[in-house]
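Residues per chain are reported as follows:
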Amino acid sequence: MLSALVAGLATGAVFAATALAYNVMFSTSKVLSVTTGHLPMLGGVAGAYVIAGLGLPWWLGLLAAMGTGALFGLLTELVAIRRVLARSDEHLWLLSTLALATMVQQAVGLWWGTEPRPFPRLIPQDFSAGLADQKFWLPIALAVAMAGGLELFYSRTMAGKLFVAMSEDAFAARARGIPTDRIRVASYALAGALGGLAGFAAGQLTFAYFALGLTLTLNGFIALAVGGLGSNVGALIGGFALGLLNALASYWFGGEYQQTIAVGLLMVVLLVKPEGLLGSKQVRPV
Amino acid sequence: MSAEHRRLGLAALLALGAATLPFWAADQYQLHLATLIAAYWVLIGGLNLVVGYAGQLSIGHVGLLSIGAYAFAILAGKAGLHPALAVAASGALCGIAGLLLGLPSLRLPGFYFAMATMAVALIVGEVVLAQGELTGGGVGLPVPGFPAPFDSPAGFYWLTAAAAAVVTWLTWNVARRMQGRGLIAIRDSVVTAQAVGVPVLGAKLRAFVFSGVCAGVGGSLFAALQSYITPDTFHFELSLFFFVCIIIGGRGGILGPFLGVVVLTALPELVSPLAKLGNFFYGLLLLAVVLVVPEGIGRVFELVAARLKPRPVESVPVQPDLPRLARALRSNR
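Protein chains in written order, with the working numbering: chain A, -7 to 278; chain B, 57 to 389.
Worth flagging that the hints you see were computed from the coordinates, not collected in a lab.
One thing to keep in mind: the hints can contain errors.
[To be verified] Here chain B is said to cover these stretches of chain A; the calculated rule only asks that three of the stretch's residues, wherever they fall, bring their Cβ under 8 Å from a Cβ of chain B:
1) 94 to 107
2) 249 to 259
[Claimed, not checked] Sample of chain B residues at the chain A side, in silico, Cβ under 10 Å:
3) Pro165
4) Gly166
5) Phe167
6) Ile179
7) Gly181
8) Ala186
9) Val300
10) Leu330
11) Gly334
12) Gly339
13) Leu340
14) Ala344
15) Val345
Think of the CB as a built atom: it goes at the ideal place given N, C-alpha and C, for glycine as much as any other residue.
With the hints as constraints, model all of the structure from the sequences given.
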């Protein structure tokens, strides 16, 4: 029972981290990118390749994971977001990010192989550690640190305040002389680096697996919608709640219905409280 | 000859070519491919109303296809029902599934709806794997074929093509009448559609249920064609393929998506390097279309045709009434 809870919390932490990456990109562009779940996937694959494949030390793997994520975030903004936002058509960004997500998933599948591969140990630890195993506490600690770090970044630094200004009103921010395009690029790179970091930290739990992206895109989004769009604490709560629910459900009913239960949670929350637990109500000005 | 006549002639030519295909197809494999295209089109024709006309980005239609295929396999195979009845039953079942899925999810905004449909595709896969004694689990399920005269490849092709033709006719009827106009209005602006009295949720729901029925029928035909189905047959990328066909062909038309499914099904078979790239190629195509011509490739042809067609040069000779002009000038002085 306890092991199920801990494993659930750890999985939930990965969802929460994905939801945070969603939030960072959403704050500056009002776009929910389908590529979000692929950032941790890329981080995990890049880390496993550098550490296990090339035999380099772990910190180079960490750099590679974050760098790959950031690069892919940049690419997403440049290729799939910028031109589409300039055209200001309704949901074209959904199509363009979906196309990019498909391409990166397939490219990784062709290069890395379609089987999940193990992720190397980061800290020397015996495999009999049980609940204290690093594969559980690394993602949990990271997700909490990420949420806290983002909150500090938003409230204490100038760059973070620019992000907040853009999320409040991009036109007003532009009128005040904020280079909104550059801030948006920066936010995508930041989200990419954070996503890559999350994939690196959770690699031992999820394995380096090319098809992880879509699952994370969906579950991260559910965590975000449950917690409330735009809220970092909400993302954390939503992710952990989803992970725990999944774990308890597979503990009691068996592991076959995880996705069904996750979507059930989303539907219940959307019916009762459409803006999510901590989200702000969307008011349409008339 | 007006554009309308030419379009009708083109459609008649296409129909004639499709109807006589078993006589001129080079080998059995081409016939199989044509049957596959027709089965896909049964689903895509219905989906086209949802994605192309109403603008609801359903990326999880493979879930409904899977329900239809498994319902057909179980009813016609295990329960021993007549295949025609089984097709009708699986169509009805998928219509109900579409209603149950659409009722909550069509109220959601774009990205939420897309995610909900994607989740359904994953859920159906999970349930199929979990309900092993009904669906065969990961091992799969044999699917019975149709009785004579549809048991030969050519006969089954005609059956599938007839179903595809019926779906095309139905969607065409919807598309050019009030229902279709309402769907287009919803796609372009929900607020405007509401303001002019289009029942937004009702119209979307009707289109979605119709696409569900189509998915059920298409799934039955697809399963009978494959003759053995496993959960791997209905991978999520197939769903993406349906979606890409419509977007690439062009939203808000029928011919465009049809050409899309023909080209995208046939191309990887003819050019083998593309088959290896598979979904990467679909993703690349989707990205290129979205960035360069969001209206779809069908629109490109129209633009090129408009560019090539010599426009009649209008010359408007100017013949001023000189005496009157002179008088006016004089009186003003």
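Hint check results:
1. For the stretch 94 to 107 of chain A, the assignment as covered by chain B holds, since 6 residues bring a beta-carbon within under 8 Å of that chain's beta-carbons and 3 suffice.
2. Here the stretch 249 to 259 of chain A counts 8 residues with a CB under 8 Å from a CB of chain B, which clears the bar of 3, and the coverage holds.
3. The restraint placing B/Pro165 at the interface with chain A holds, with a minimum CB-CB distance near 9 Å, inside the 10 Å limit.
4. Interface hint at B/Gly166: satisfied, since its Cβ lies 4 Å from the closest Cβ of chain A, which is below the 10 Å cut-off.
5. Residue-level restraint check for B/Phe167 holds (minimum Cβ-Cβ distance to chain A is 5 Å; threshold 10 Å).
6. Annotation: B/Ile179 was flagged as interfacial toward chain A, and the flag holds, the nearest CB pair being 5 Å apart, inside 10 Å.
7. With its C-beta approaching chain A no nearer than about 8 Å, B/Gly181 sits inside the 10 Å limit, and its interface hint holds.
8. For B/Ala186, the shortest C-beta to C-beta distance to chain A is roughly 3 Å, which falls under 10 Å, so the interface hint holds.
9. Restraint check, B/Val300 versus chain A: the minimum CB separation of about 8 Å is within 10 Å; hint holds.
10. Hint status for B/Leu330 relative to chain A: violated, with the closest Cβ pair at about 12 Å, above 10 Å.
11. A least Cβ separation of about 7 Å between B/Gly334 and chain A falls short of the 10 Å threshold, and the interface hint therefore holds.
12. Because the closest C-beta pair between B/Gly339 and chain A is about 3 Å apart, less than 10 Å, the hint holds.
13. The interface hint given for B/Leu340 is met, as the beta carbon of that residue sits about 6 Å from the closest beta carbon of chain A, less than 10 Å.
14. Because the closest C-beta pair between B/Ala344 and chain A is about 8 Å apart, less than 10 Å, the hint holds.
15. Annotation: B/Val345 was flagged as interfacial toward chain A, and the flag holds, the nearest CB pair being 8 Å apart, inside 10 Å.
Violation of the numbered hints given earlier is confined to hint 10; every other hint is satisfied by the structure.
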